[in-house]
Amino acid sequence: MSAEAVHAEHGLEQHVGVQYSTIEQQNESYIVGMWTFLVTEIMFFGALFLALTIYRSLYPAEFSEAHHRLDKFLGTVNTFILLSSSFSMALAVRYAQLGQRKGLIAMLLVTVLFAAGFLGVKSIEYGTKFEHHLFPGPSFDFNYEEREKQGIAEGGMAARGEEQAAVAGPIGLETNRTTGPVLEDRKQMFFVLYFAMTGLHAIHVLIGMVVMLVIILLAAIDHPAVRDYIPIEMAGLYWHFVDIVWIFLFPLLYLIGH
Amino acid sequence: MPEEASTYAGPYDLLFLALTILTVVFTFLVLGFLIFLAIRYRRGARVDRSRPISHDIRLELTWSIIPLLLGLGVFAWAAVLFPSVYRPPANAEEIFVIGKQWMWHIQHPNGIRENNELHVPTGRPFKLTMISQDVIHSFFIPAFRVKRDVIPGRYTTAWFQATKPGKYHIFCAEYCGTNHSEMTGYVYVLTPEDYQRWVENNGPSGEAPGSTAVLTMAEAGHQLYTQLACGTCHDPDALNRGPLLEGIYGTQGKLPNGQPAPVDNTYIREWLLNPSERLSQKYQQSMPSYKGQLTEFQILQLAAYIQSLRPGGAQPPPTAPSTPQRRRRGGNAAPIAAGGSQPAAAQSPQTTLTGAAGATTPAGAQATNTGNQNGSNNR
Amino acid sequence: MAATTVEPGALRERRTALHENYLNVKHTVASWLLTIDHKRIAVLYLVSISFFFVIGAAAAGMVRAELTSHNGLFLTNEGYNKAFTIHGIIMVFFFLVPAIPATLGNFLIPLMIGAKDLAFPRLNLLSWYLYISGGVLALSALFLGGVDTGWTFYTPYSSIYSNTNVVIMILGIFLAGFSSIATGMNFIVTIHKMRAPGMTWFRLPLFVWAHYATSLIMILGTPVVAITLLLVVVERTLHLGIFDPALGGDPVLFQHLFWFYSHPAVYIMIVPGMGVVSEIMACFSRKRVFGYTFVAFSSIAIAVLGFFVWGHHLFVTSQSMYSSMVFSILSFLVAIPSAIKVFNWTATVYKGRIWFTAPMLYAMGFIGLFTIGGLTGLYLASLAIDVHLTDTYFVIAHFHYVMVGGQIMAYLGGVHFWWPKISGRTYPEGIAMLAAVVTFIGFNLTFFPQFVMGYQGMPRRYHIYAEEFQFYHILSTAGATVLGVGYAMPAFYLLWSLRYGKLATANPWGAVGLEWMTPSPPPTHNFEDTPTVTWEAYAYRSDVEEEAQADRESMPGLGEAVEEEAELDRREGRTPPEFGGAPAGD
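Protein chains in written order, with the numbering used here: chain Z, 1 to 258; chain B, 1 to 379; chain D, 1 to 586.
FYI, nobody ran anything at the bench for these hints, they're computed from the structure. Check the hints yourself; a few may be wrong.
[To be verified] Derived lysine-lysine pairs resembling DSS-like cross-links, with alpha carbons at most 30 Å apart:
| id | chain 1 | residue 1 | chain 2 | residue 2 |
| --- | --- | --- | --- | --- |
| 1 | B | Lys291 | Z | Lys149 |
| 2 | B | Lys291 | Z | Lys129 |
| 3 | B | Lys291 | B | Lys254 |
| 4 | Z | Lys149 | Z | Lys122 |
[Said to hold, decoys possible] Stretch-level coverage of chain D by chain B, calculated; a stretch enters the list once three of its residues show a Cβ under 8 Å from a Cβ in chain B:
| id | stretch |
| --- | --- |
| 5 | 260–272 |
| 6 | 292–302 |
| 7 | 327–341 |
| 8 | 346–355 |
| 9 | 366–373 |
| 10 | 456–469 |
| 11 | 480–489 |
Nothing here was measured: the structure is a model prediction, and the numbers come from that model. By construction, the Cβ of each residue, glycine as well, lies at the ideal position given by its N, Cα and C atoms.
Please take these sequences and the hints and turn them into a complete structure.
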């Protein structure tokens with residue numbers, strides 16, 4: 001159904017900008033503009049996907065080992081959350097087309113709640129990573145979790161450096177440890193990419209939430225800017241894009257082993 | 001025109017000249033036509049302007065295809081010439097270059113070290129194996145027409161064969177910080193006789209025998225091997241805690257993911273710095289990392305030592321094309337040292353393995369020197 | 001459609017009271033800073049870009065002055081490194097990338113296609129604020145002590161070792177990048193959706209084609225450099241090192257990602273200039289650009305091919321020899337569309353009616369200097385040759401020939417060409433032509449010695465250098481002084497013309513194009529009613545009376561404009577040009 005027909009059928013108000021001659025021209029321009037913006041977002045994320053692909057092909061074993069530390073269950077939960085939020089977003093767009101403000105606000109609220117849930121799960125995941133010394137940097141310690149289980153003392157690279165000095169050299173008998181304090185640079189690189197990519201994605205989720213909240217507020221006071229469904233459709237396109245990025249991130253980071 | 005002092009410079013300058021001729025011809029053609037036409041057809045000029053043309057596909061094709069063919073010709077010429085500067089010949093002798101802010105450390109295998117200077121004889125190809133201790137630099141000798149970036153974390157190679165004795169600039173050609181423009185030096189190309197004399201004097205400082213400065217790289221590497229007690233795991237009597245190193249250089253190793261990789265300087269460097277990510281399952285947890293404990297120099301010395309461990313001084317095994325070149329070695333001596341420059345303590349390869357107890361006193365600073373390695377502590 | 005609303009009787013007052021136009025419709029600061037009129041935004045950009053140009057030029061002046069001595073004059077090593085860094089950053093990101101698109105593009109594209117504004121006027125204003133915010137951050141970084149990484153920010157120097165204000169500067173560039181993306185988005189949608197009836201793709205002025213191609217590059221390339229520079233920021237602040245060799249990271253990966261944008265970026269810089277040159281050549285040859293279709297498609301070809309050649313910046317980084325060969329051959333291929341343009345422009349002159357004016361001189365200068373710049377690029381694309389020349393002054397000379405000899409001359413030519421339309425005033429032609437010549441001479445004196453120096457081995461970004469190069473450096477600095485004079489002259493007489501210049505008529509050049517059918521300056525909404533286009537681009541005719549009459553009939557309102565101009569010119573004692581016909585004095 002064309003934009004014009006939708007507007008006509010449901011009696012939606014539309015303000016035509018002075019630079020446009022017809023409503024159709026305006027609507028098409030907005031939608032083409034939004035798609036153009038999404039192309040730039042693809043290139044924005046694309047560089048990170050490229051870096052991930054390159055490093056994964058250079059260090060497949062290390063990346064595979066590192067990725068097992070990601071929580072597949074939480075990742076799956078988040079995937080379902082986002083997919084559901086895309087569904088509620090699509091419904092919100094539909095309500096906007098129908099001119100039903102209440103439905104629009106309700107569905108947008110649902111989407112915001114899903115998004116908040118996504119970010120909540122993400123913060124749980126991040127929290128666990130920090131606890132287990134899996135955040136890249138001076139405190140990175142890939143085997144921390146296991147050593148903790150074995151009751152070995154905490155400490156970052158300094159402590160491990162001492163242990164290492166003790167291990168090196170002629171006292172060879174202590175070298176046969178299953179959880180040796182080794183420097184796990186490439187596994188750290190995996191986590192650099194993990195945090196960079198999911199972090200950038202989370203920022204985009206947050207921005208989407210803000211946009212939706214703004215629309216909700218405007219709709220609540222029946223502001224003319226959101227009486228037309230085109231702005232909501234544009235927000236919807238953005239949100240579906242954010243969802244699609246996750247659909248690629250999740251398998252690449254969490255699922256694919258080798 | 002800059003001096004031509006290498007085997008590459010001549011062919012280089014010829015191609016450069018060809019490009020220059022093409023450039024000049026096309027520039028004059030374009031500008032000539034433009035100015036000529038603009039004056040001829042200036043307004044007010046009484047010339048025939050009837051039937052002006054606004055497009056002509058044959059003309060378009062002509063002046064697209066001819067430049068394209070010329071361009072492809074130049075491309076082909078340059079592309080064919082390129083491998084000759086990119087790939088060192090198999091018999092190139094190796095010299096090691098370490099770039100750091102803001103100087104060049106150069107190490108010859110025979111133990112001579114130079115800072116910001118490089119002495120080489122004419123008539124022999126040399127391969128520079130280079131690595132940076134900090135940021136990206138680039139080793140540039142204009143007179144040789146040779147340049148290659150020097151990168152932290154991995155070795156890069158350049159090669160040349162000098163043809164004309166003289167003193168030529170070495171420049172750092174990749175911006176590397178405050179004193180980038182002062183990270184310069186000179187390459188001294190000597191006749192073979194002069195070079196021999198220079199080597200005999202052990203370089204400019206003529207240090208006393210017995211000090212580390214005159215140990216060959218392999219000998220210095222051997223000292224390190226002893227100091228760090230590598231033999232605990234790698235000596236033949238170490239009960240197989242670690243693989244034997246004799247003859248391992250140049251063979252095909254295997255990475256943990258099953259991929260084959262030649263045992264060369266790169267492999268050994270990774271081995272020393274990142275053992276858990278380079279070694280096979282069997283040894284993965286047992287070799288500690290030496291990151292932060294070895295300078296890039298020392299790594300190269302250890303690699304030179306391992307390279308020298310050939311069973312019985314035999315010729316190195318035939319190498320696959322992807323493996324780096326090996327020097328023809330019969331022992332530790334520098335290729336052309338006319339004897340007398342090595343200290344009496346130089347031992348044949350076999351005996352060094354069990355000679356741990358007999359190691360000469362090292363300069364204590366060397367092995368425990370935590371160099372500016374990899375920059376991870378330098379923020 | 002009425003091209004002008006001035007009655008003939010009001011001509012007498014023309015000197016003192018202009019018709020209502022976009023400049024005089026409101027005078028408050030708010031009306032400028034909150035404008036959504038694309039023409040006002042273009043003027044805002046013109047002013048701010050000129051401001052940044054002065055800063056970048058001052059940095060260049062410091063560099064050139066310092067280099068007259070081979071062991072330093074008044075700067076320390078660090079001061080010099082900061083000077084060339086700020087010169088590069090300001091000139092690339094805050095001048096060259098936005099110069100033509102954001103000033104001339106913003107102003108002209110709606111006019112040229114018969115629209116009343118761009119598709120997204122508020123996004124346009126936002127792009128200007130993004131540009132200004134980015135500029136403020138960049139200047140802050142400068143005042144806080146500057147940055148010394150070079151405009152290329154190579155890792156690990158920029159991500160780990162440099163102690164300067166890298167983060168703030170990168171954030172400034174990041175914002176400027178989004179300004180660029182916004183402009184590109186706006187242009188793409190506008191050109192697709194807002195063309196007047198009858199304005200088919202192949203009736204578009206080549207200026208519009210050029211900006212369409214440029215916008216494609218802007219939206220595809222800029223995000224990549226944005227995220228790459230952001231990764232450097234992340235590495236500096238959070239120590240998440242993607243390029244850190246200590247983590248197994250590859251510092252050369254930064255170079256790949258950086259040049260993936262920055263090579264297409266040079267096409268962002270030059271292609272709009274080519275669009276300007278097409279317009280100028282057509283007008284001052286009184287002829288349709290030769291091979292219109294080829295020229296139009298060549299812009300697209302440059303945009304597309306330009307994305308596949310970035311590796312030619314990495315030939316000596318130990319990149320695989322085979323991938324280097326691929327990049328090299330593609331770099332030769334991308335030169336061909338540019339060559340096509342140069343030949344087509346030259347052919348446009350054939351059997352034309354050449355009118356020598358300042359814009360024409362700038363355009364011809366562009367053709368000559370761009371040819372040299374482009375051909376020297378082939379040296380650098382040649383694998384074997386690049387080994388010696390890369391990172392030397394040869395590269396510096398090459399890119400200044402295309403960027404300064406090319407782009408800036410095109411920019412100045414365009415500013416002069418459309419100055420009457422933008423400001424409503426004419427500039428003094430004699431001085432303008434002199435300035436063009438001075439610029440041309442100064443430019444060659446500055447940069448030609450650098451080709452020779454580079455071949456001799458003079459490395460780039462060197463503060464202290466070997467004494468044997470000093471002669472060339474002194475020549476180069478002398479040239480830079482002349483070039484500076486050449487640039488200062490337009491600044492003076494263009495500003496002078498705003499107050500004292502003769503009022504401009506709607507079409508002082510007798511050019512063909514929709515923008516010339518509006519008054520000078522145009523009213524806020526450009527056209528009262530959207531025009532319908534029935535003529536081809538560059539529909540210049542010989543001065544046959546019937547054809548001129550037919551033109552007047554097919555372009556309603558044009559007759560009035562011509563008569564009004566004729567009346568004005570008669571009063572001033574000039575013979576007015578026929579629309580599309582012989583210019584005055586023939």
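8 Å C-beta test of the stretch 327–341 of chain D against chain B, three or more residues: It holds, with 8 qualifying residues against the three required.
Given coverage of the stretch 456–469 of chain D by chain B, tested with a Cβ cutoff of 8 Å and a minimum of 3 residues: holds (count 10)
30 Å Cα cutoff - pair B:Lys291, Z:Lys129: holds (25 Å)
Pair hint Z:Lys149 and Z:Lys122, alpha-carbon separation not exceeding 30 Å: holds (24 Å)
Distance restraint between B:Lys291 and Z:Lys149, which requires alpha-carbon spacing of 30 Å or less: Distance ~27 Å between B:Lys291 and Z:Lys149 Cα, so the pair holds.
Within 8 Å of chain B's CB atoms, at least three CB atoms from the stretch 346–355 of chain D: coverage verdict: holds (count 9)
30 Å limit on alpha-carbon distance, applied to hinted pair B:Lys291 and B:Lys254: Roughly 22 Å separates the two Cα atoms, so the pair holds.
Verdict on chain B covering the stretch 480–489 of chain D, criterion of 3 CB contacts below 8 Å: It is violated, with 0 qualifying residues against the three required.
Chain B covers the stretch 366–373 of chain D, three or more CB atoms within 8 Å, holds or violated: holds (count 4)
Check of the stretch 292–302 of chain D against chain B for coverage (Cβ-Cβ below 8 Å, three residues minimum): holds (count 3)
8 Å C-beta criterion, at least three residues: is the stretch 260–272 of chain D covered by chain B: violated (count 0)
The structure shown violates the earlier hints numbered 5, 11.
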